[in-house]
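2 protein chains.
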Amino acid sequence: MKEHIRWTGECLEILDQTQLPTETIYMKLSTPEETAEAIYNLRIRGAPAIGIAAAYGVFLGIKNLASPTASELELELNRASELLLRTRPTARNLSWALERMKMCFRNHAEEDVLIIKNVLENEAIRIHEEDRDCCQRIGEFGAHLIKDGDTILTHCNAGSLATGGIGTALGVIYTAHDQGKRVRVIVTETRPLLQGARLTTYELKEAGIEVTLICDTMVGRVMRKGWVDLCLVGADRIAANGDTVNKIGTYQVALLAQYHHIPFYVAAPLSSLDLSLEDGSSIPIEERPEEEIVSGLGRRIAPQDIKIYNPSFDITPAELISAIITEKGIIVPPYSLRSSLTSGGN
Amino acid sequence: MKEHIRWTGECLEILDQTQLPTETIYMKLSTPEETAEAIYNLRIRGAPAIGIAAAYGVFLGIKNLASPTASELELELNRASELLLRTRPTARNLSWALERMKMCFRNHAEEDVLIIKNVLENEAIRIHEEDRDCCQRIGEFGAHLIKDGDTILTHCNAGSLATGGIGTALGVIYTAHDQGKRVRVIVTETRPLLQGARLTTYELKEAGIEVTLICDTMVGRVMRKGWVDLCLVGADRIAANGDTVNKIGTYQVALLAQYHHIPFYVAAPLSSLDLSLEDGSSIPIEERPEEEIVSGLGRRIAPQDIKIYNPSFDITPAELISAIITEKGIIVPPYSLRSSLTSGGN
Chain A
1345 MKEHIRWTGE CLEILDQTQL PTETIYMKLS TPEETAEAIY NLRIRGAPAI GIAAAYGVFL
1405 GIKNLASPTA SELELELNRA SELLLRTRPT ARNLSWALER MKMCFRNHAE EDVLIIKNVL
1465 ENEAIRIHEE DRDCCQRIGE FGAHLIKDGD TILTHCNAGS LATGGIGTAL GVIYTAHDQG
1525 KRVRVIVTET RPLLQGARLT TYELKEAGIE VTLICDTMVG RVMRKGWVDL CLVGADRIAA
1585 NGDTVNKIGT YQVALLAQYH HIPFYVAAPL SSLDLSLEDG SSIPIEERPE EEIVSGLGRR
1645 IAPQDIKIYN PSFDITPAEL ISAIITEKGI IVPPYSLRSS LTSGGN
Chain B
1345 MKEHIRWTGE CLEILDQTQL PTETIYMKLS TPEETAEAIY NLRIRGAPAI GIAAAYGVFL
1405 GIKNLASPTA SELELELNRA SELLLRTRPT ARNLSWALER MKMCFRNHAE EDVLIIKNVL
1465 ENEAIRIHEE DRDCCQRIGE FGAHLIKDGD TILTHCNAGS LATGGIGTAL GVIYTAHDQG
1525 KRVRVIVTET RPLLQGARLT TYELKEAGIE VTLICDTMVG RVMRKGWVDL CLVGADRIAA
1585 NGDTVNKIGT YQVALLAQYH HIPFYVAAPL SSLDLSLEDG SSIPIEERPE EEIVSGLGRR
1645 IAPQDIKIYN PSFDITPAEL ISAIITEKGI IVPPYSLRSS LTSGGN
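Residue numbers (this note's numbering), protein chains in the order written: chain A, 1345 to 1690; chain B, 1345 to 1690.
Treat the hints with care, since some could be wrong.
Copies of one chain are not kept apart here, so a pair can be met inside one copy or by any two copies together.
Here are the computed lysine to any residue pairs in the SDA-like style, where the Cα-Cα straight-line distance is at most 20 Å [to be verified]:
id, residue 1, residue 2
1, Lys-1372, Gly-1353
2, Lys-1651, Trp-1571
3, Lys-1569, Glu-1631
4, Lys-1461, Thr-1413
Hints in this document: simulated from the structure, not taken from any laboratory. Remember, predicted model here, so these are calculated numbers, not experimental data.
Please take these sequences and the hints and turn them into a complete structure.
Written as structure tokens, this is what we have:
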């Protein structure tokens, strides 16, 4: 599996996902501003990946201070955090990673500035490495849900491009594939930004897994034809009751799966959980520029001066989710994630 | 309402819909071959409109014969019909219009060749004019289902661009609007060929009706938010039990509507009915080239060498359809269209 996020010690190198699948271009991010730009413009995306990038991003701000005092360092930490937090409101992992960086600072605030810099760098690296491990464990737990010969439908991209490791939803598929199970994947193109068509097909093809691309209009048809054994998606934020926010279109995939009696699984690290929220209703749903829909594909596809609605995410109610696959185990309904996690999954 | 299909007496002029919404280009069709090309490549599309174009198309073949015998004329009628019939397999109106042209020939086969030419031209014009009238009547019947203030979700394009008149689904909306009802329309972009984004928004904007464009991934979300009062779509073919084949994605819109307790209406002329079929299972579903999905929008959106599935239509089972609006009246479930039509609708 290729590394799409690399910390060089000097800067963060990322694969610019906006250029995929036609161009494979790595770019260097050397400041919080460059990192924020890359996150906002989806050069790097996927809830776990933006958490990792944000952690390195705040460290880049701190690293670039020549001989700071501890309070200058704290000011920069807060400034860079604010900047990065504003890029994308929905994914839990972004604020989670920034909170970890701040907590790390607070735990070492009395120490020498050079030591603080060092522990913050190590904390970002740890967030990155932990996510890699999470993906492995999610993959191992989730692979139990996949049978030899299964066809899996996935939406958007919850793969190595979205994480620091093999991915969440796709990590499960890679693990099953590595175990020798024959799997096929149906990938929705995922409008407007086509993460399914551009990224998920690219990853799966590289991994040697059979992939069939469909438009988002074709989900009902392939399910009706009996071609889908299970659905598997990632998550941007999960509330305590299991309500899951993920890429726009996930909700209707889950509804269509329920109607066709197809299991619908969410795979996500615990860092995507937001146990402060009873349910999904108060999770902020990012709305992005109209241009993503009307001119993101090369030529303008709609008239000027019409209204356009472009929410990036939707909420899948817990009752539509057959199980949530985490690095601690598989959680099944009824979800009560606060207690499940105290007991380490079930 | 602009005329998008014009018979000049010498040729058929059509608006090239592949160039919308950015370019408004009319093209002249002077042979069956040119007509077939225009239908196959969706320069003209929509079940009623391709029926009309096919009728003129066969006449163009006959018109171009210099001094034919009756049997040369029949040979050309059959040749041109075969050619046109092969362009698109799903819409009932195409074969229906060609059968009408052949029936017209048979009814006049013993007459003078000049007379036969004349009656065939008039038959094509009659098919065109009847469709215009059908749209008006569908609009009038259907407008009873629309209340002042309603927001209507439509998929693909079943408007003036798809018919010889004001449209079927959109004809209902135009009629309600003309009656002074305030209506808003949510339009799905309708991947892969974006008839919603390119054509329906264009028509509705021209008509001064408020339109909001969404991606096909957003249908569940707008329904969940309570923004949709009813759904209204066209049809390419309807079986005797009410099963309806329409643009890919219609089936899942209907399922999502049912789940959210939103009425789902089909508007279509009787020429879209295929009473020879008990149900929708044997309606041929056209599959079109992969390029429509992966490179139809300007730049390539997926890797090379992956599988792509591109069905143009799907089947919406009758039980998901709240009513079928025809030029003879509104038909409600349980559908038994053979008897409904004998009694002229109900």
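Unmet hints by their number, sorted upward, for this structure: Result: no hint breaks.
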